[in-house]
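S.K.: Here's the letter readout for the chains.
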Amino acid sequence: GSDGDSGATATSECGTDTSVAMGDSVTDLTFALVAPSAKDDLAFTQSMVDSLTRLGIEPQITDGTFIVEEAAAAIRGYAEEGVDVVIAHGTQYGGSLAEIAPDFPDTSFIWGTATDTQGLDNVFAYYPEADQGGYVNGWIAAEMTDGAAMGVVGPVEAGDAVAYVNGFIAGATANGAPAPSVVYTGSFSDVALATETAQAHVDNGAQVLTGTSQSTVGAVNVAAANDIPWFGTQSNQEAWSTDLVVASQVYHWDVVLDDMIESIEGGTLGGEAMAITLQNGGLVIEINGCYGLDDSVVDGAEGIIAEIIDGTIDPT
Amino acid sequence: MTTSTPLLELRGITKRFPGVLANDDVSFDVRTGEVHALLGENGAGKSTLMKILFGLYQADEGQIMLRGEEATITSPTSAIEQRVGMVHQHFMLVPTLTVVENVALGLHDARKLRPDLDAVGARIREISEEYGLEVDPDIDVWKLSVGERQRVEIIKALYRDAELLVLDEPTAVLTPQEVDDLFVILRQLTAAGTGIVFISHKLHEVLALSDRITVLRNGRVTGRTVPAETDRQQLAEMMVGREVDLAPDRPIVETGPVRLSVSGLHVTGDRGTPAVVDVDLDVRGGEILGIAGVSGNGQRELAEAIAGLRQLDRGSISIDGADTTGVTPGMARAAGLSYVPEERMKDGAVGEFDVAENLLLVDHGDSRFIRNGLFDRDQIETHAARLVEEYAVKTPTLHTPTSSLSGGNIQKLIMARELDSDPLVILAAQPTRGVDIGAAEYIHRRLVEQRGEGVAVLVISEDLDEVFALSDRIAVMFDGAVVKIFDRADATRESVGLAMTGVV
Amino acid sequence: MSDFFTLTVLVGTLASGIRTAMPYLLAALGETVGQRSGVLNLGVDGVMLLGAFGGYYTVLQTENHWLGVLVGLAIGLGMGLVYALVTIVFHAEQGISGIGIFLFGLGFSDLLFQELVGTPRPIKPLPKVEIPLLADIPHLGPAFFQHNLLTYVAFALVPLTTWMLMKTTFGMNVRAVGENPQAADSLGVSVAQTRMGAILFGNTMAGLAGAGLSLQLAIFQHNLTNGLGFIAVALVYFGAWRPRWVLAGALLYGMVTATRLRWQSLDIIPRGASDVAAMAPAIITILALVLLASRVRGPAALTKPFSRH
Amino acid sequence: MSRLAGAFVPLGAALLAFVFGAVMILALGENPIDGLLAIIDGAFGSGERIAATAVRATPLLLVGAGITIAFRASVINIGGEGQIIAGALLSTAVALWLPDLPKIVLLPLVILAGLVGGGFWGAIPGALKAYASVNEILSTIMLNIVAVQLMNYLLRGPMIDPIEVEGTRIPQTERLTDNAALPTLIEGTRLHFGVILAIIAAVVVWVILWRTPTGFRLRAVGHNPDAARAAGMNVERNIVKALTMSGALSGLAGVVLVFGSESLRLVTDGGSAGFTGSAGFNGIVAALFGGLHPLWTIPSSFLFGSLLTGATELQRDLQIPNALAIALNGLIVLFVVSSDRARGWIKDRFGAAT
Ligand SMILES: Nc1ncnc2c1ncn2[C@@H]1O[C@H](COP(=O)(O)OP(=O)(O)OP(=O)(O)O)[C@@H](O)[C@H]1O
Ligand SMILES: Nc1ncnc2c1ncn2[C@@H]1O[C@H](COP(=O)(O)OP(=O)(O)OP(=O)(O)O)[C@@H](O)[C@H]1O
Ligand SMILES: [Mg+2]
Ligand SMILES: [Mg+2]
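For the protein sequence lines, the chains are A, B, C and D, in the order given.
Heads up, the first sequence stops at 316 in the numbering used here, and the numbers go up one at a time, no gaps.
Heads up, the second sequence stops at 1504 in the numbering used here, and the numbers go up one at a time, no gaps.
Heads up, the third sequence stops at 2309 in the numbering used here, and the numbers go up one at a time, no gaps.
Heads up, the fourth sequence stops at 3354 in the numbering used here, and the numbers go up one at a time, no gaps.
It is worth saying that the hints were derived from the structure and are not from the lab.
Each residue gets a CB set at the ideal place from its N, CA and C atoms; glycine is no exception.
Do not take every clue at face value.
Which stretches of chain A does chain C cover? Using the computed rule of at least three CB atoms under 8 Å from a CB of chain C, they are [to be verified]:
1) 23–30
2) 41–49
3) 175–189
4) 215–229
5) 247–254
Isolated chain A, as found in the complex (with noise of 0.2 Å):
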C-alpha cells in the first residue's frame, strides 16, 4: 500500500466537488464500521467513511456510537452477524475490543487510532502520524503570515489533537513564526466555545487559525468572518469555507485498509499496527485551489514533505 499516491500534497481545481467519489471494489469481504461521530462530520468519521469509499467499500454503518458500551454491543453484533471485517473507529473502543474479539477469532477488527494490537492477532491498529501533516501546515502558516500570531482552537488536550498541535507548532517555528498560541476549550464537541476560542485568537491578533476535532467548524465560521486562513486536518474541510480553507491534512485510511485487506485475503486476519503517514500517501496536504495560495509556497511545502518522508526534518 505504500506505494498509493505518489505525490503527498494534492491542490484541488476551484469550484470542484471535494465529496469522495465511490471507486472500484477492491474486496468481496464485508465491512461494518463503528464509529463514535457522525459519518459526515467532516471531521474524523468522515475520514474512515471517505477512505472505504475510495476503495469501493459500503460498510454497514453504526455512527454516533461515542457511548463506549453502546459501541462495544454494536461491535459484538456485527461479529456475530458474520460480518468479515469490523472496524471499531474510537480509541476508547480499545478495552471493549480486547474482550470481542477473541471470541470471534473468525473475525478480523481494525482498530483506531491505537498504536498497539493489544497483542489480539485478529486485531489490526492503524493511527495518523498527525504531527507530520501538522508540521507541513504550520509551516505554511508561517509562510503566509510573516511573524504574525497564529492561534490553536484545540479540544481536550490529549490524543491525536496534541500531536496535531505540537507539529503545528514546530512547523511554524521552524519557519520563523512565532509560537502559536493553543487553547484547550475541554470539549470535542462545544461549538460555543471553539467559536469564541477561535475569536478570541482573533481579538489577540491571530492572523492564521487551525484547529482540530468536530467543534472547530464554529471556528471555520470566526475565521471566514474575519478574512483568516485556516487549515484542516483529518477530512478535507474546504466545504466548510470554499475561500478560507488553504489547506487540510486529509487521513487516508484507504492506504493502510488495502494492506490489511490484502493481509486478510492472505489468512492474517490482523497483529500489526499500521501509521498513515507522509511517505506512505496515507497522510495527504490537500490544498484548496480557491484560496489561491503562492506557487512558490506550495513549492516550498513540497520541499518540507520531502525532507520529513526522507527524515531529514522531525516534526515532533
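Got chain A sorted already, so can you dock chains B, C and D with the ligands onto it with the hints?
M.R.: This is chains B, C and D with the ligands only, laid out in the frame that chain A set:
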C-alpha cells in the same frame, strides 16, 4: 324576618369523598340581611357545604337556589358573578403579592394588558373607610398580621359586591378587639341587606351575632334554633351529641421546682425588628402559666426561642435547671420539653405521613420502636393504636394520611404525641385554635391533667376564655414585653384585657 | 497578565461574554416566567436543540435569518403546547416530563439533522447590527453596541420580562398561581390558562434561544447546545427568579467563559491547566452564589400540579 | 377493574409512543415492524443480549435507587453524571495504587472507594444547600461540568496509562488489575456481580427509607422540613445525608461502569456521556418512572436498559440512526407520565405503603 324568598336555599345537598360522607342531605337557607350561623364539630362538613356553594366542589346530589332560582355554580368565577363571596377558613391570599394585587386578582380579564391598580387601590380605601377595615393597600401581604389578612379577605369579597357572604371561621385567629370590630362591620353589612353565613367554634360569638343557627354533625343537620331559645351549653351538646363540660376542674396542686426559666430574653422577629424584649418568666412544676396578648406581640417568637427554633439575641433559657440557651430543637426536647406549635399543619405534623408516623415524629429513635436496627412495626402499631384510643383521635385507620383528618383531630394527634413523651415542660401555642368545643374540652382536660402530674405548662393563647379556663397565673405580652403577670385570683377579663393594650 | 489589560483584549472579552450570554439569557428568562407560575421545565435544552435545528435548517434553505428566528419561535411554541398538555392537562410529574422533552429534543433534532443535512454546512451568521452613534464610541462601541439583533433583544427582554411579571395582568396572575394557586382559583383566575401562558412563553423563549445559538454560531450539529439549556435552568436559581439577577448570572457565566478562553490564548493560564480553566465558570458561579447568600424562597407552588380536590 | 385499567393505561401509552416511533421509522423508509422486532431482538434476542440488557440497566438502577432517596427528601439531584465520575475516579485510583492486593480485599475496597467518591461529590451540593442556601439544581448541574474536567485532567495527567504518554496520549488508564474486576455471574455473558449489587442496593434503600429511623427522618424532612425541625430533627444534616447517600449510589454506578466493563479501564472522550452513557440522567427517569419507589425502580431500570440495548440493534439492523431511539425514549417518557391515572394507581397501591 321576612317571608319573601330566601337569598339562598340549599336543598338536599349530598357530597361524598372517598370513604367520607361529608354532607348528607343538607338543607340550609339564608335570607337577606341576616346572619345564619353554621355550627358543628371539626369534620362535620361545614366547609364542604360552603365550598359547594362557592363552586369549589360540585355536590353529588341536591340543588342550589339563589334568589328563588336554581343556580349552577361550577367555579368560583360563577359564584362571584352571582354575587356570592367567601372568606375561607385557610386564607386565600398570595403572600408575595400586595394587598391591591390580591384584591385585583381575577377582576381583570387577562386579555386586558394591565390591571388598573390605582383604581382598585382607591376603591379599597373607600371600602376601608366605609367599614373601618384599615389596611395599607400597597403593602406585601406576607408582612401583614393575621388580623390584617382577615381584613383583606373581607375587602376582597366586598369589592366584588357580594350579596351573600360566607365567613368560614373568621374569628379563629382574631383578637377579642378584632372580633368586636368585625362584628360591627358584619352588622353594617346585614343592615345594607347582605346575607351572611357565619361559621365559628366560639359559641358566645354565635349567640351574639347570629339571627339563626343550624348545627351539623357527621354531615347531617342535627338541629336548628335561634339565639333567644338556646345557650352555650345546649349548643355544645347539639354539636357533640353528649354532655360537655365547658370549664375543666382544676384541682389544687402543690407546685414544684422551677422547670422552665426564661430571663432577660431578647429575640428578633422575621421583619428584623425586636420581637421579644427583655422577657423574664419562671414556670414551676404543677403550674399552668397562660400568656395572653393580642397576636403579633412577640408570643410566637418567644415560643420559638424556647423551642430552639429561633435564634435569640440575648438572655438565657433553662429547662429543668439545664441551660438550653441557643440549643437546637432536638436538644430542647432532650432536656424535657414538649412543644405544641401554633401552626399545626406547618410545624406540628407531616401531612403526607400517616397517623402512626406522625405519632412517631418525635420519638422515632426511641429503642422501644427498634429491633435489630429496624423499626419494630408491631410496637409502632400498638403505640399508635393506644394513643389514638387514649386521645380519642378520630381517624378511619392508623394509616390514613394525616392531612385528611380534620383540624381538631390533627391537634389531638399532636397533643397525644407531645404529652405521651413524659415531658417536664409543655409549651402549647394556641392549643385549641379552630378546634371544636368537644375536642377543645378534651385538650384542656389533658393539659390540666399534666399539671396534676407536676409538669410545668406554658400556654400561649389569644383566646381569653381559654387563658382563664386553664391558667394558675396569667402573663400579658404587649409589644414584645411581659407587661404584667397576674395571679389567677387577681385577674379579671377587664384588667387582663386592659394590660393587653399596654396599659398596666 | 498585563496582556489581558490591553483595551482591545478587554473589549473583546466583554463582547465575547455578551455574545456567549445571549442564548443563556433568553432561555433563562423564559424559564424564569415558567417557574414563577409554578412550572419547572427541565426540558429547556431539548427545546433549544429543536429550535436550533429549525432555525439553522430554515436559513440553510432560505438564507433568510428572520425566517429562521421565526421558525425557532414557532418550534418553541409548539413544544410549549406539548409541555402544557403533558403537565397541565395530564398533571404529569414535571421533573420527568422535562427530561422526556429533553431526550426527545436531543434525539429528534439529531435525527432531522442527519436525514436532512448530514454534513454540517455553515450558514451565514446573524449579521451584526451597529447601533448608530453608540457603536462608534471608542472601545465601548465594539464591546456593547456591535452585536447581532438577538443579543439586543435578549437584553431588552430583561426589563420587559420584569415589567410583564410585575405590572401586567398576566404577570400578576403568573405570580399568584405560582405562589398560591388555590387563592388565584378562588378569585376566578384560571390556573391552567395562566400556567399555559407561562409555559408557552418559556418554551418560545427556549426555541428562540436555540435559534439564536445556531444562527450566531452559523452551524448545527449533534447536541449543539452541550447542556446549555440545563445551565440556563440553573441560572434561574442563581437569579432567584428575578430577571435582573438572572441577567447577572448569565453575564457572569458568559464573562468567566470569555475570560478564561482569552487567558488561555494569552498563556496567562498555562496550557496544561486547560481542564482547570474549563471548570472555572461552573465553580465561580457556585462561589458567587455562596457569597451572595441569597436566601430568597422560590415560588411556593413550584412543581406542584393544581387541582381543586 | 381499576387495577386492570391501571395496568393497561401505561402500556397503552407506551404503545402510542411506539406508534409515533413507527411513523418516524416509516418516514425513514423502513418497516416499523422490523424496527420493533429489531429492538426486541437487540434487548432479549439471546442469553447474551439479555445479560447485556441487565448490565445496561445496572447503573440506571443504582443511580435511580439513589435518586429515590434524594427526591424523597425533597432534594433534586441532577448531579448523577458528576457523582458517577467521582466514584469511578476514586475507585480507579484505588485499583491503580493497590493492584497487588488480593481480590477479596481489593474488590470491597474499590466498591467502598466508589461509594466514598460519589458520596463526597453529592455531599458538596448537600452542604451548599443546607448551609449556604445554594439551590441544588444549580450546584449539581455545575458540579457535573467540574467532574468531567477533573476526569479529563486526571486521565491525561496523573492517571494516564504510561504507554500512552509516549504513544497517542489517549486519555485513559492502563487496564486495571483483574483483582478488582466484578466477577462474572454466567460465563460467556457479560452478566456480572454489579447487577446483584444494584438489586441489593435498591432493596437496602427501600429498607432504609421505610424501616429505619434514618429513612424516617429523611422522608419527614422531605415532606415538611418545618415540622421535622420542630420535632427535633436536624434538617440541614438530613439534606446533606440525602445527597451524600444519593451520590454514593451514583458513585457505585461509576464502579460498576469501570470494573464491570469489558475494557476494565477508565477512558474519557472529553465529555461525560461517553463514559456514563447518560446514566446520571436516565437513572432519574427510571426512578421517577418507578414512582420513586426503589423496588419499582428495578423493573423500570430494566425497561429502559432494554430500550437502550434494543436501539443499538435497530441501528445495526436497519441503519436507523440511534438518534431515533433517543427521541423515542423521550416520547415514551412523555406518554407514560401523561397516563397519570396509572401513576396514581401505582402510588396508591405501593407508594404510600410503608
Ligand atoms: N378534599 C377532600 N377530600 C377528601 N375528604 C375531604 C375533603 N375535604 C373534606 N373532606 C372530609 O370531609 C369531612 C368534612 O370536612 P369539612 O372540612 O367540611 O369539615 P368542617 O366542618 O369544615 O371542619 P372544621 O371545623 O375542622 O373546619 C371531613 O371528614 C374531611 O376529612
Ligand atoms: N426526633 C428524634 N428523636 C430521637 N432521636 C433523634 C431524633 N432526631 C435525631 N435523633 C438522634 O439524634 C442524632 C442526630 O440526628 P440526625 O437526624 O442529625 O441524624 P444522624 O446523627 O446522622 O443519625 P442517622 O445517621 O442514624 O440518621 C442521631 O443519633 C439520632 O438518632
Ligand atoms: Mg372547616
Ligand atoms: Mg448519621
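S.K.: Against each hint, give a clear statement of whether it holds in the structure.
M.R.: The hints, checked one at a time:
Proximity of the stretch 23–30 of chain A to chain C, defined as three or more residues with a beta carbon under 8 Å from a beta carbon of that chain, is not established by the 0 residues found. Look at the stretch 41–49 of chain A against chain C: 3 of its residues bring a Cβ nearer than 8 Å to a Cβ of that chain, three or more, so the hint holds. With 8 residues carrying a beta carbon less than 8 Å from a beta carbon of chain C, the stretch 175–189 of chain A meets the three-residue requirement, and the given coverage holds. By the rule of at least three residues with a Cβ nearer than 8 Å to a Cβ of chain C, the coverage given for the stretch 215–229 of chain A holds, with 6 such residues.
Check result for the stretch 247–254 of chain A against chain C: violated, 0 residues qualifying (beta carbon to beta carbon below 8 Å, three or more required).
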